[in-house]
Each structure stands twice: as structure tokens, then as C-alpha cells.
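Colleague: Fit chain B to the given chain A structure using the hints.
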Amino acid sequence: MKYFLLIVLLINLLHSKESCLNCHSNTTSMDNFHDIKTMGCASCHGGDKNALTKEQAHKGIVLNPSRLEHAQIFCGKCHKEVIKRVQKSIMNSMSGVLDTLKFQFKETKQITQSGGIEELKAKPSSKQSLAEDHFSKLCAACHINQDETIFKSYTPRGGGCVDCHRVAPAKVTTNGRSVKIIHPKLSTKIPSSNCLKCHNRSNRIGLSYFGKFESEGYGTPYIHGKLSHKLDKSRFYYDLPADIHHTKGGLDCIDCHSEVGVMGDGKKHLHMEDALDISCQDCHNPTFKPSSNYPKAAMLSALNGNIPLAKEIAVTAKKGTPLYNVAKDGNKTVIYRKRDGKKFTISKLSNKPYHNLDIHKRLDCSACHSKWIASCYGCHEVYFKDGKQYDWIKHRKTKGQWMELRTYLRYESPALAVGYNKKIMPTAPGCQVLTTIYEGNKTTHPFHSFAYAAWDPHTTSKEARGCIDCHFNPLTLGLGNGVLDMNKSGISFMPYYDSNRSGLPISYPIDALISKDGKQFQSFSRDNARGFNKKEVNKIVDAYKCIICHGKYDDKIYKNFKQSKEKFKNKQTPCAKELLK
Amino acid sequence: MRNIIKLIILSTILLTTTDANECTKCHINKMQQCKTNVHFTLKKAINTTRKTFGIKDSNVTLQTLPKPPKTVKKPKDLVDDILRRKCLRCHLTSQTVNPTKNLCLACHNPHSNKADSFKAKPSQEKCLKCHNGEFIGTDYLGKFPHDYDKSYRSPIDKDGFYPNAKDGIDYHFLAQDIHHQKGLTCISCHNKEGGKNWLKPKCTSCHQSLSPNNHKSDHSRLSCTSCHASWMVNSYNLNIFRDDTPSYRQWRRLTMQFDPKLEQFLVNALKAKTPPPPKMVDYLDNIEKRGIWYSGWKFKRWENFLLVNSKDGKIELAKPMFQYKISYKDSNSTMVLDNISQVNGKKIEAFLVKHPHTITKKPKSCEQCHNNPTLFDKTQINKTLFQGKLIDATVLTKEQLEKMQSRKYKQERAKTLLK
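Protein chains in written order, with our numbering: chain A, 149 to 729; chain B, 603 to 1021.
Chain A extracted, bound-state conformation (with noise of 0.2 Å):
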């Protein structure tokens, strides 16, 4: 029995060559790390390895194991930790987007989370409300986990881990019966072009930080006679200073998006911002760790290749995860660049007092240093509750047809605003919803919805807004373009937008997101964001009666601010003996 046994293992030895390879003979390996020599073909797809025939081989097989209800069978042999956590996260359920939408149309008071994608496949179109129709429709084809197939004419997305990883496609040739299969590549190493299939509408970050705007669709200058500057079918752009990040080190998204912030901590999270890991002070104000102290840096150094684990290496200040490619150097921070390993130093936050004085504490570092912000006014959507169109989860054609519409476009210093960290960032309309319906002869507005959001907008600068931009600028402070002026009464302001008149539903301008007195005029989707109230616009547009003269934070006044404001008002200082006379 014992010899027997031996005999058979044996044999299995010596006959370990998948049958696979009888007929797929010419297939290229996936990469270094999944050799087809050393893993085969079944264990990742599946089918019968000993098998004769192709009908039994290819029983059970998978063609893209990396479709998440797969990638637990297959992949998770290897990496079940990380398909766990893409599972649960926010790119994968898209529950994000679903229910602040629910909460804009008005159908929830406060936004719960739902199942997102896998929820509303199991409901019936017919009882879904209008938001959960809108979502399926219009926003419903960008998921990690679509089916790559049904994209005619735009790029395809989806497919489970090959949406983000895979950087070169399949390709397969035959020639009678030999058939060459050249294996999809996949890496860690992911392009910014596959982060950009998905991540260039709503607050379009993803164009922005290359410098693009989407425009408002004149498609020119026309070029050997054609519409130039095509986004897709019916979206164009322009090009505006892109982020220093990129015409800088021309880092790409995962340089500064950790693998935890990407892929999920295996929490399920209310919100993209919740996921997301990293912040601006992890780079520029890092704080590092013993690289030791973490297995996965140095698993994800070796599975790059290109960047040495450093042994010290920064850590996030929200959620404790190493990042791998920022490294003490020295005195020097540096980052390697994760597509080909090249470094770059990074520069420290200065002490000067425009980074270390109080009145600024509450500034998130994008309200200063981001140069224009994409943004969208007013979103029309239009309902033929009669009509049909392709839903993106059911994947057909269901009763019910969208249209939007919007008001203008816009690229502008940013508007700020309270975020959804309670610090003030730049802020812009997201989104501003009005609707019509056309069902049978009849026409109905059943709501309107003006929301503003606050984003990063990835079009950061070394140079800061100057003091104006943000303490006389009626943008800036939420209250929209016009005159901003101040008198003995206070600040005065005249609009320029006229909503009224335009036929909009609402009584205040539409770039109002408050009333010069602090007054909320449209609302926000996060708990904590808001507009400025009315101590706070006081206060900023206050400061600019000492910052029209010391407009600069080189002026000594800022050297000890707290003595330099006594001393104004105890009348000790030149200016305030001649102003206030």
C-alpha cells in the first residue's frame, strides 16, 4: 500500500503538466510572480487540469477569475485578506454615491447606509424610487466589480481586481488549431489612465489634476476639421495649470493613494473621504516608522521592485498604515515615484507664519493652495418617465429615460466653506438639482435641491491665493459673483446672477451659497460642512481693513500678531495714530 502510494505520487509528478497546455500551448504568463509554469492555468481559472477532452477541461472554468465572486475561489488562495477589504469597499458597492443621491432627491432625511450596487440588483425596476433609477442609469456603470462586456462605445470598466490592475489586455491569435494567447498583465503599478476610466465626472479630480477642464462643448479650436479636445462622444475639455504633483514629479494618483485608502481597511464606509487614508501632512509633515514594524510595506516594495524599503518609512496620520514609497533620507523626506522607482525630495512645511499662525489653524491646506476649482452650476435632470434606457445593473433597457441639463460651467478660485472635517476647504456646487417630468401629456417639477459639496480639488500650487483673493473676494466667501462692498453698516453686496428671471425655482442667486449675513441658502450632504455664518464672514472680510495695506506675510506685523493687534488697538502704531484719527 505505502509503495503504491509512492507510485502514484510519482507518476502525478512526472505527469504534473496541466493538460491545458496540449492545446494552449503558446500562452505568455500573467507576470514573474504568477509563472504559468509554476502555477499552471487551473488554479486560478479554474476547469479540470487532467482532463483529455476540452469539454471536460473547460468544465467550471472562469475566463476573468478577478470578478469578485470568483476572486474569493481563486485569488483569495493567495490574497484573501485584500479581497476581503475590496469587497466591503466603497468602489465595489458604490453605496456612496447611491445614498447621498437618495439624500439630495430628497427621499431620506439623513443618508443611511445602503447595499449599494447589490442591493438594487435584487429590486424589481418597478418599485425603485426615482433617485434608485437615476443612480442605475447614469452613474451605476462605473463599478470595480462591472461586467466589462456591455461597453459598446465607451471604455469598459469593471471586471473585478483587473479594473485597476491590469495594464496590458489579453490578446488572442489563432492559426488553425493552434491558438496563442498572450495572458493579461497585471501589476501593482497601476496607471493613472485606469483610475481615470471611472474618476473623471462630479467633481471631474481626476481631470483636474492633469491639468484638464471639461468645457462647456464647443469641441475647440476646430482642427483639421474636426471638434478638438474630445473627453468621449459629447464631452470636451481645455487645458488649465495641472496639479503641481504632476507637471512637477508627474506622479501618478496611487503615488499618494495608499493601497489601504484605495482598496479599504475592511470597514464599510459611509463616504469616499472615510476610506481615503492619506492627507497632505503624511508627505510634507510626515510622521516615519521602522519599516520593520510593517510586513506589508515590505511585501508591497517587493512586489513593485523598483523602490527599496527605506528604514524608515512615513506612516498616515488617520489610519496608521504604512506608506512604503515615502522614506526619511537623511534629513530629507523623499518619495519614490511607484511606476519606475525614481525619487523625488520632498519639501517640508515651512514655519513661516502663514503655515504656523492661529487665524489660520482651521485652514485645510487646499483652501490656500489649490489653484481653480472645476465647477458645474445648476443640474437639470429631466425625466420621460414614458421612455426607456439602458440601466447599468440590470443590463437592459427599463422603463424610464434621463436627461441632463445644466446652467453654466465655471473654473475659479475656489469658493471655501466649512468641510466635511470641520476644516474650511474649497467648496463648489454638488449638486444643484432641479427636475422635470414628462409623464403621458402632463409636465411636472416635483423638486428642486441646491447643494454645494467641499473636495480637494487636485489642482494644488506651490504658491498660495494671495490674502485678497479669500478677505475681499465675494466668491470666496461663499456669497457668489457681484459687488462686495463695506460701509458704516457693515458689508453690502449686489448679485450679479438674477435666479429669478433666468426661471430657476429658487430666490437667491445660484453661486450663493449663503446670504451676506451667514444666512444658508443651499445646503451640503455631510453633517459638519456648511457655509460660513455670519461671525465668520464678519471676521474675514474684517481682517481685509489691515490687509489691504499688510498684504503680505512678510510684513512684520505678522512676526508677534497677537502684540501687533494690541498694540492697533491701543492706538501705539503708526497706522492706527493717522487711520483712526
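Keep in mind that the hints were calculated from the coordinates and are not lab data. Incorrect hints may appear among the rest.
Pairwise CB distance ranges (calculated) [what the hints assert, rightly or not]:
hint, chain 1, residue 1, chain 2, residue 2, range
1, B, 978, A, 682, 28 to 38 Å
2, A, 691, B, 815, 23 to 33 Å
3, B, 870, A, 300, 25 to 35 Å
4, B, 1003, A, 635, 18 to 28 Å
5, A, 653, B, 659, 47 to 57 Å
6, A, 570, B, 1018, 29 to 39 Å
Once the Cα atoms are required to be at most 25 Å apart in a straight line, the calculated DMTMM-like pairs of lysine to aspartate or glutamate come out as [stated by the list, open to error]:
hint, chain 1, residue 1, chain 2, residue 2
7, B, 752, A, 646
8, A, 713, B, 1014
9, A, 378, B, 865
10, A, 636, B, 820
11, A, 374, B, 940
12, B, 1005, A, 703
13, B, 964, A, 690
14, A, 717, B, 1014
15, B, 752, A, 552
16, A, 693, B, 1004
17, B, 752, A, 534
18, A, 533, B, 759
19, A, 467, A, 430
20, B, 1005, A, 633
21, B, 1012, A, 617
22, B, 1021, A, 665
23, B, 1005, A, 702
24, A, 547, B, 761
25, B, 1010, A, 703
26, B, 1010, A, 726
27, B, 1010, A, 617
28, A, 713, A, 617
29, A, 254, B, 759
30, B, 964, A, 633
31, B, 949, A, 387
32, A, 704, B, 969
33, A, 700, B, 1014
34, A, 700, B, 1001
35, A, 381, B, 940
36, B, 1017, A, 684
37, A, 683, B, 969
38, B, 768, A, 646
39, B, 1000, A, 617
40, A, 715, B, 1014
As the structure is a computational prediction, the values presented were derived from the model and not from experiment. Beta carbons: idealized from backbone N, C-alpha and C, even for Gly.
Modeller: Just chain B now, with coordinates in the frame of chain A:
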């Protein structure tokens, strides 16, 4: 009985009044006056456009405008064509603005107009038939043209219709001119046709006493509009493209071209099974000719403004005009001109002094000029907007800019705010 006969004769006259002669029976002097009038000759618009296309010392009128040359090699070979088929859609006897064919009725209301109680004064509605869209005119009512793409036909009104686009475009409504709010119409200021005040009425002829507190001597060179015009229609980079081939598909979202006739043609052409040949009417001889003139902007803004020194020594507002990028594809699909923005080796891009009719009592704040980003922010985001040359004006000098941010200004401003 006599009265009835009179009435019949009168009504037949009125019904058959199709040419100016009917009016000139009584108003013979006026007719002579009209022939030298800018509205009749359109001299300024025609010759400034021809000049930007590189035709030197151009001095033609609507009546003497030559026919475009048959072969096109340079942008200037296209200028008379674009004038005839695009710009001159508006002229006194143009079918689209004045279907009566009666020269006078283009502006003057006929005596039968009951609403006007038998007065022949031009109504505002008549003026705005031409003076609309990108131009000074409809801005008086606060109107700012929407963008062309079909996603800008918003908001839908309560009955389910798109906004009114009679001019060939629909509008945003911004702050209206105070004179409009108070009930004045165009001719309240632009009165006495041909007279001194007609083309350029002076604010000071009505507003004779200005408060000395608010009108300091430092600002004596400023025109009234530089401060009191609240916003203006700035449309950047006019891309124009004549296509002699029937390639309509790429314009499917851009059929609204600020030209109702062209819009209708494009809508029909896109629906047709066999696309019709590209044709557009010459508004001077009313003959359809080969080719479609498409146009599009880079973008439009109302909040930007540029201050310049005008040739008569005033500081004025200037707006982007004639920032052409010209393309021409002939019927063999050859790109004869491909996105040309230079004429005679020089960039065409130009700004023109304008007086936006968006006057408000409250002027701009000091900061809007003294810290105007378009004058002082030389970062990439703004500098691309104002590189153009100025027609009949010069940019503010370094000294002027320094003065605007001088210590004296700052102290003065601080003093008023700290009061």
C-alpha cells in the same frame, strides 16, 4: 360714405406698403438722411471686420460690399463671405429682421401700430432684434447668452418647454440696467437719429451734478461705464469654420449656432436619410450658396473685465472681439485653411472698447479694479485670456498699474473702511 372710402384706401395702402417709397411720400428728407446713416451702411462693422482679416484701408458699405472671390487662399478671401452669410444677417432690409421689405419699418413702428398710439418711434423690441446675443443691447435687460451645446437649454419652463430662443439663443438673466428698471427704452437716450447724441449719448447730459464725494479727481479719466457697468458679455476666441462638405454629425449637439435659419437647416439635415448639400443663404442677395459657416467659442464669462486707455484719453472697458480662428474645408474635403489665427504674420486676436449697458447705481468696489485679477494676476490661469491686441486703445501702463496699488490708494481705502 366718404369716410368708408377713405378707410378702404388707407387700409389698402397700409397693407400693400412694401417699400420705403410709401413712407417717403411724406418723409422725403428723412430718406436722404437715412442713406448716410450707420444703420444703413453698416460701415463700421464691415470695415473693422475686413481690417482684422488683413484688408488694409477698407472703406466699403453694405451697398458696395464686393462679392467674395471664387478661389480662397487666404483668410481675407473669406471675409466678404462671412460678412454676407453670418454677420450681415442683421441689416435694415434683411428678411430675418425685417420681413416687410420696407426700409423704414426695420426700426420705425408703422403709424398703424396701436400699441404705440400712432407714433413712429422705434420700440425697444425693434432695436433688440439685431442688438442682441453677444452684443450690446440685450445686456440692458440683463440677458447673457447661454452656451451652444444642447445641454444648456435649461431651465425647462412649467409647461415643459425649453427657454425662449427667438434670437437664435436663449439667455441667463443677470442684474439689469437701472435705466431699464426705471422704464427707459433705447431711444430714451439714443434719441434724435443722426444727431450728436444718437450714437454715443453722454451720461452727463442727464446726470449733470455728480456727488463730489464719490467722484474723486483721481478718477477723472475714467468713463462712467468703467465703474457703473456691473458685468459684460465676454466671449473668448471666435472659432469660425466654413465647411463645403455635408459633414453634419459632429455638430449634432451644437445645432444652436445663434442663427435660427442655420439651426433649422442643421436639425433637418441631421434627421434626413440622405443629407442635403451644405448651403447657407447670402443675406444680401438672398441666394443660397455652397458651404456652412459654423462657429464656436472657447468660453463666455460675465465676471471678467479689462480696463484700457482709449484713444480719446479715457479709461474704458474692453471686450474680446475678433479673436478669430479660421478654418475652411472645400468641397473636395481639402483643408484650405486649418485653424488659422494669424493674418500677415500677426495674431488676429483683438479687444474692442465697449460700453456695456449693465449700469447699476452702485459702482464696482475699489478692489474689483485695483486688485483686478485680469490686470494684476499674471499666473497662467488668467494671462491666456488677455494677450490680445487692442483696437483703438492701449493697455494700462506700468505707471498706471503701480499707481493703482500705491501706498496712497491703500491708505485712502483703509481709511474709508476703518471709519
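Colleague: Under the constraints set out in the numbered hints, which ones does this structure not fulfil?
Modeller: none
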